[in-house]
Each structure stands twice: as structure tokens, then as C-alpha cells.
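In order, the protein sequences belong to chains H and S. End of the first sequence sits at 638 in my numbering; the numbers just go up one at a time, nothing left out. End of the second sequence sits at 1285 in my numbering; the numbers just go up one at a time, nothing left out.
Source of the hints: derived by calculation from the structure; they are not laboratory data. For every residue, glycine included, the Cβ atom is placed at its ideal position computed from N, Cα and C. Among the clues, some could well be false.
Calculated cross-link-like contacts (lysine-lysine; reagent style DSS-like; alpha-carbon spacing at most 27 Å) [claimed, not checked]: (1) K1049(S) - K566(H); (2) K1194(S) - K1256(S); (3) K1194(S) - K596(H); (4) K1262(S) - K1194(S); (5) K1262(S) - K1053(S); (6) K565(H) - K1049(S); (7) K1027(S) - K1049(S); (8) K596(H) - K1256(S); (9) K565(H) - K475(H); (10) K475(H) - K1194(S); (11) K566(H) - K1027(S); (12) K1027(S) - K1053(S); (13) K1049(S) - K1194(S); (14) K35(H) - K596(H); (15) K566(H) - K1194(S); (16) K1262(S) - K475(H); (17) K565(H) - K1053(S); (18) K475(H) - K1256(S); (19) K1027(S) - K1194(S).
Below, a sample of chain H positions facing chain S; criterion: calculated Cβ distance under 10 Å [what the hints assert, rightly or not]: (20) T345; (21) L456; (22) F464; (23) S466; (24) L470; (25) T484; (26) P485; (27) L493; (28) P557; (29) T569; (30) L570; (31) G575; (32) M583; (33) R592; (34) M595.
Covered by chain H, according to a simulated footprint, are these stretches of chain S (three or more residues, beta-carbon under 8 Å) [claimed, not checked]: (35) 1041-1054; (36) 1073-1087.
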Amino acid sequence: MDSVQFLLFLILFPLISALFMLAVRRDTDRDWIVKLSALVIGAVTVLLLVTQIGQGAVYLWFNAEPVSLLMFALEMVISVIILWFAVRFRNYLVIALTLAETVLIIWFESAATPAVMVKDPLFLDPFSIIMALIVGIIGSLICVYSLGYMRHFYQHHTGIPDRTNTFFIIIFVFLSAMFGLVFSNSLVWVFFFWEVTTLCSFLLIGFTKTEEATKNAFTALWMNLLGGIAFAGAIVYLTYQPAGMLGLDQVLVSGKALILIPAALIGFAGLTKAAQMPFSSWLVGAMVAPTPVSALLHSSTMVKAGVYILVRFAPAFQGTTVGYTLAFVGAFTFLIASGIAISQTNAKRVLAYSTIANLGLVVACAGIGTYEAIWAAILLIIFHAISKSLMFLSVGTVEHRIRSREIEDMNGLIVRMPRIAAIMTIGIAGMFLAPFGMLISKWAAIQAFINAPFGLVFVVILVFGSAFTLFFWAKWMGRLLVITPDAENVEGLVDKNEWIALVSLAGLTAVTCFIFPVISAYLIEPFLLANYGTVANLSQDNIIIMMMMLFLIVLLPLSILLPHKKARTLPPYMGGVETAHDMHFQNALGARTEMKLANYYISPWFGEARLATTGICLCSVFIVIMFALAFVGGGAFL
Amino acid sequence: MISLAWAAAFILLAPAIGGLIAGIDRKITAHMQGRVGPSVLQPFYDVGKLFEKEGAMVNETQRFYVLSYFVFAIFAGGLFFAGGNLLLVVFALTLAEVFLVLGAYSANSPYSHVGAERELLQIMAYEPMLLLTVVGMYVAAHSFDAIDIAGFPMPLILLLPGVFLGFIYILTFKLRKSPFDISTSHHAHQEIVKGVTTEFSGPNLAFIEVAHWYEVVLMLGFVFLFFAASWILALIAIIIVYLLELAIDNTNARVKWQLAVKSSWAIALVLGALNIAALYLIGRA
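So here's chain H without its partners, still in its complex pose (with noise of 0.2 Å):
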């Protein structure tokens, strides 16, 4: 197969299997089909890696104009499912934002200037490969394990109607419009997939119909609708521009001054998608979904597509205060979603805030748009999407058994579920510690930031960001490690296609550390060689002392087969009183009390109210800057 072919097949596959997924009525139908769908789709992914690795950007052109116009029908028809949910729910706001965008769509695609006419819609590089990656593999991954998800689901939720086709209908056709987006060379595109990934997230979000999940789903909706009228807005700018303007190929070479104004809208637009502050609160909403729903969101798609854009984006950004304005946006969203992170009890509200920070730190990177940045905002996409999209998933696996999502409720899950503690430990370790992804990922980000220009600011911000992390990752680990005494083991059998799934991620989790010099060397070196004409990387002796690190700590481990005495167990300390067994006490009034311990969430300082509205207030008025910097002050370089 040649790229062109690739790229359509890995686009419309999913359609087909959702054209499948309308056929089934038995569940083993059903897991054929996915199961097979979704080795397909990740088998293609690596097949493209292999045979288009090292080929640089390949614009692939044909005859574009009936696939144009079949987008543009299919707009108009996303414009009007929306607006019949927002009619049906009398959600004014909706109804109005929706309007507008239809009117601007309306207003690009019958503008007949030259700058319509991109000659090569499509395109493939190291970048879209990378992505193509991260939704074909871990994409595949979450679809088995909602196999498995489902079922428990609808035997926990008897009172729901079984709607687990239409759950995967959407969902591939998510994955489809997250290829088409990462393929796509021509912004009218980008923007169709853009807005298809849009309705499916309300869609997948407001699944479940309750009463909470409807008001989410519109929070997600109108925030990012909100989005797409600033990306909409964008494209009817470039319209107005010299020929070909509206090509990713074409914008990004044409000189900053001309770009400020579709850079900054489309900045805008990424902030949305990314849930950055003050569009936080959709992401955070939108965990009442079912968790392979998050884990979806926050890993391969919706999410990535608003950082993927920004990165896209970025040397349009470097070097100018539009640039520097977004990149607050990210750090300060960084620091204070991390804050929050700390306050929360709920596992899923846990990962819902330090995705948003993580984000936000790529969001940074791309907003300072030097190469040394880049390559840190992709390290971060890379390792972010398989340590939080096995996080959410081993979450998910427990809450089935232990009927909790609260971070309390898992303490000694080492006991209770052995091996599912054992990988969220892989995850959360994938999250903060040295020598793993997003640690190497930080380190990077340090290096680029104190290179750039007034980069002082931003590692200041992301040193109290990161010791946030470590104190919330650090407490929930130990809580998981807990020993307690007496405890049963509760695990039982763990649905297979969540199994595959949850170690196949551990896995790529540990995997991707050790290769990571590959992938960077291959993939994205070349990029950056190509969109900078220089490249970033860590010297050969501090990988080599990092693969060290990895490999004692995977060594250590193994400490425990070492043949050694069995130590006598003594129970712990608890000043003298009298304690059975199962740290019941007898207390000073002689009643038996049972020994509890909690973690620190420190709310007087963490607090979610506080600290998000002191965020909402800071980036908005951040974003409020950016617009003024970009339509006012012009071509304004530091």
C-alpha cells in the first residue's frame, strides 16, 4: 500500500466496523467484531510506522472537491443533531453558538478565493504518525477493555437500557475522525474532524442520560463549541489570505505577521479541546461517563487533537507574545490543576485534574514553540497517553469490584487485588517517578523552558507544579501499598479483554521508557529537523544512566526471590494499647475502636472552589491578552 492508501483505510475501517456494529444483536457477534476492528486498526497503525518511517512529509494529492463537499453536507448535518439535542433541552446557549458556527461554516465554504484550493488535502509525517500511534494502539486497547467494561456495566445499571452498540458506533467513529484529523493537511478538514470529535465526546458523555450526565455533556458541548467558532473563525481569516493559506503546509511557512490573527483563534480553539482553564471544569465533568469513555478522552483523542493543533501550531507561536500568553495559559493551568489534584478524594477526579495539568504543560511547550519545547510537548503526548489511559482503566476494573471510585476505599489494594494494584502502581510510578515517561517528559521541559526567553518564569512554575504531583501521586501510591492484615483477596477473575488491555498498557508503559531514544531519534528528530532545521535530544550518557535507573528498578523487585531468613512479623506500634490482630483498640473509655488511617488532602489550601476560580480568573484574563496581542498589537516579537 502506498500513504494515500493507508491514511483512507485507517480512516474509514472504523466506519466500518460502526456499519457492523448497527448488524450485531449477540455479544459474541459483538466481540468479534471489535476484537477484530481493533487489531486491525492497530496492526495498520504499526504497519504504517514500519513502511512509512523515515519518508519525512508526503503530501498526497487527489481529487479532493466531491469529498469537500460531502464534509460540508455532513456539517450542516452535525449543525443540526446538535441543535435538536440543544432544542429538545432548551439549552439557549447551544442553540445560539451552534447558529453562529453555521453561519460561519457556511461562509468559508462558499468563498470561492484562491486560498480555498489546498492541493494536497492529506498528508502523513513523523508527527501524524506518532498520533496515528497513540489513537490506533491505545484506541484498540480501550475498545477491548470496554468489552469487558460494558457488560459489568449494564449488570451494575439494571434500570438503563442496554445501548452498547450505539456506545461503540460512537466510539470508532471517534477513532475514525481523530485519524482523519492527524492525516489531515487542509484546516477545512482538520476543522470537519475537529467538529465530528466534538458531538461524539457530547454524545459519549451524556451516554448514561442521567439527569447529571445531560448537564455535563452540554458544558462539553458549549465550551467546545465555543472552540470551533474561534477555529471556524480562523479559517474564514485565512480565506482571505494569498493562495493555498488554508494548508497546514502553507500557514505555517507564510511569515508570523500574517498568521497572528488565525494563530491566536485557533489557540483558542486548542485551549478549548485541551480543557485548559477556564474550560477545565468540561474535562473534570465529563468522568460521569463510562470510565473507557475517560479514559478515552483524556488519553488518545479529544484532548490530544486540542494539544496536537497547538504543537502543530507552534512555530507560528515561537518567539511571539501571542505565543508566550497561550503558554501561561498552560503553565499557571499546570500549576493550579495540580493544586487541586491534591484536595480531591475521588480517584477519577484525581486523574481528570492532573490530566488537565499535563495538558497544560504541553500547552506551555507549544505556546514557546522552540524545537527543545516541542520535542518535550511530544515526549509528553507520548507518555501521557499510556500511563493515564491505564490509570483510568485499572479504575475502572476497581470500582466494579469494590463498588468505589474514592482513593480511601483502595487502601491496601495490594492485599485485596494483588494484580490490579500492581499495575496501577506501574501507572502512577509512569506518572511522576524518575526513571520513568513523564519524568523524562519534565526533564525535558526544563531544559527547554530555561533555554527560551523569559523561560525563568515557566520553571519556576513548573517546579511547585511538579512537587504538587509527587505529593498527590506519592499518597495515593502508598495507600494502594498499604498491608493490611486480614484482608481477603477479593480480585476473582478479571474480565479477559480488561486484562489484555490493562497489560499490554503496563507494558507499553514500561516498554516506551526503554525505547524512548528510538522513538525520539526516529520520529520525532525528523520533525523537528524539518519544521526547525535543528534537534533536541538527551546526551547518550545521561540515557545510558537512565536505562540504569530502569533497569534497578526492575531489578529490585526481584530482591524478593533472594534466598533469605523469614523474618518474624511483629505488629505495628501503637503506643502501648492493648490491639488485637485486626487493629481493633480498646479505648480510654473501654470501648473498642478500630484504627483508621487516612491520607492528607489539605483542602484550606487545595480547595477545588479556591484555587479553580482563582484559575478561571487568571487564564481568562491571560486568554483576554492573547486576543489583544494578536488583533491590536499586530506583529508584536519578543
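Please build the complex by placing chain S on the supplied structure of chain H, with the hints as guidance.
Just chain S now, kept in the frame of chain H:
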């Protein structure tokens, strides 16, 4: 860049130096309190005796956490003295600390639990300043590698006085000295028994003690870097800094964690960040 000889020297000699420092520390502290104090070799006797004790534990996983803490504390120090990347040194040290904290968590004991939470608070308090110290050295010497920073022609203290003071402030945490000996203390007057180390005993506790000696030598190595242009000056600086920490230890009561965290952050922002910003402004960057 990597000097294996120095790393080997650290691995072999640091316990001896660290233990001796602990012994001298106890002697001087005793004199400050009007006591005679034990022999300067007492820490070695203590650790030796711990190794001879029965290896009883609360649960078997403690063995793994202690070993990991020990190995990564050595790794961090070895990397530092080999002249390696200081950011990596800090990351490895954090990893070591996290293992200690996890060991304390695993015990399911109220005292070690509070100790573990407080240890995490301490890490959260000192890590920004520790990283800013490394960043400051990078901005001044244009390298993250200890060997390059040590080879910088002028004493870094002249460029980084604020960063140095900030570092001294958080050094108190790392040396487990009052007023910041919140998670565990060398002194007997700790309200949470022995905090993070409460549930470790026998050989496990001995390993933790030796790992702490390694850490102390590593942290004093950071002090050295500020004066590396002149070895004699650096040695004097290390002695003065340690004596200063002792004086602070013996004249201050333990503070609440809130104050410890807030003040460390304020110090990092004011002394650390402003100093580095000033370096940028005068064009050293």
C-alpha cells in the same frame, strides 16, 4: 564526563564520612546542651548493633522498600560525585525518598503513617528550592553536569548568594534538623515517636541510617559546588554550614508543617527565583 573513580570513592567512603559527621554532630550537640556526649564513633556502634539484631518487621515488603531506598540514595550520590547531571541526581534522590515513604505507608501503623504524610509534605516543601538550586547553577555555569559546575572558574556563591541561602534553608529538612525535623527526628522529643522510621527495626533501620549518611554527604556535596573554585574555601564553608545547622537545630523548636512548607516556598520564590532572575538581567545567562 563520568568519573567512575569519584563515584567509587563516594560509595566506599561516604558511610565513613557520614557516620563520623553524625558522631561529631552528637558530640557538639551534647556540649551545646551541657552534656559530655558519646564517643564520636557512637553512630558506628549503633549501626553495628542494629545489624546484629533480629530482623523482625511489620511485613515482608519492608525489606524491598528499604533496599530500594538504600540503592537509590547511593545511586543519586554516586551520580553526583561522578560529575553527572544534577537534575538526574535530584530525581534519583526523590525516587529514593519515595521508597522510604512507601515503606512507611506499607506498615499500616498510625505513627509511621503520619510520618509518611509529613515526609511527603517535606519533599513538597524543599523540592522547588532544590530544583531551583540546580537551575541556578545551570544559568551560572551553563551546564547541568556537576563536573562542569565544579570546574567553573569563580566561586558560584558570588553569582548565587540568594540561591545559596535558600539551599541552606532547605538543607535543614534534608539533615532532619529542627525546626524542620517534622517527619522524623534525631532527637527523642518527637511527638510521633520516630515518624517515618517508626516501624523499621534491626538491619532494616541500620540500612536507613547508612542511607541517610549517604544523603548527608551528597547534600554537603551541593554546598561544595557553591565554593568549588577553591577547595579550602569549600571545606571551610561546609564546616561552617554544618555548625550553623547544628546551632539552628539546638536553638529552635520544631514548627508546624504549615509554616515549614509555606516558608520554604516563600524562600524559593524570593531568594531562589529572584537571584536567578537577576542573573538573567545582568546577562550571565
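Do the hints match the structure? See the list:
no., hint, verdict
1, K1049(S) - K566(H), "holds (20 Å)"
2, K1194(S) - K1256(S), "holds (16 Å)"
3, K1194(S) - K596(H), "holds (19 Å)"
4, K1262(S) - K1194(S), "holds (24 Å)"
5, K1262(S) - K1053(S), "violated (40 Å)"
6, K565(H) - K1049(S), "holds (19 Å)"
7, K1027(S) - K1049(S), "holds (20 Å)"
8, K596(H) - K1256(S), "holds (23 Å)"
9, K565(H) - K475(H), "violated (31 Å)"
10, K475(H) - K1194(S), "holds (19 Å)"
11, K566(H) - K1027(S), "violated (38 Å)"
12, K1027(S) - K1053(S), "holds (25 Å)"
13, K1049(S) - K1194(S), "holds (18 Å)"
14, K35(H) - K596(H), "violated (44 Å)"
15, K566(H) - K1194(S), "holds (25 Å)"
16, K1262(S) - K475(H), "holds (20 Å)"
17, K565(H) - K1053(S), "holds (13 Å)"
18, K475(H) - K1256(S), "holds (20 Å)"
19, K1027(S) - K1194(S), "holds (21 Å)"
20, T345, "violated (14 Å)"
21, L456, "holds (6 Å)"
22, F464, "holds (5 Å)"
23, S466, "holds (7 Å)"
24, L470, "holds (6 Å)"
25, T484, "holds (6 Å)"
26, P485, "holds (7 Å)"
27, L493, "violated (25 Å)"
28, P557, "holds (6 Å)"
29, T569, "holds (6 Å)"
30, L570, "holds (5 Å)"
31, G575, "holds (8 Å)"
32, M583, "holds (7 Å)"
33, R592, "violated (17 Å)"
34, M595, "holds (6 Å)"
35, 1041-1054, "violated (count 1)"
36, 1073-1087, "holds (count 5)"
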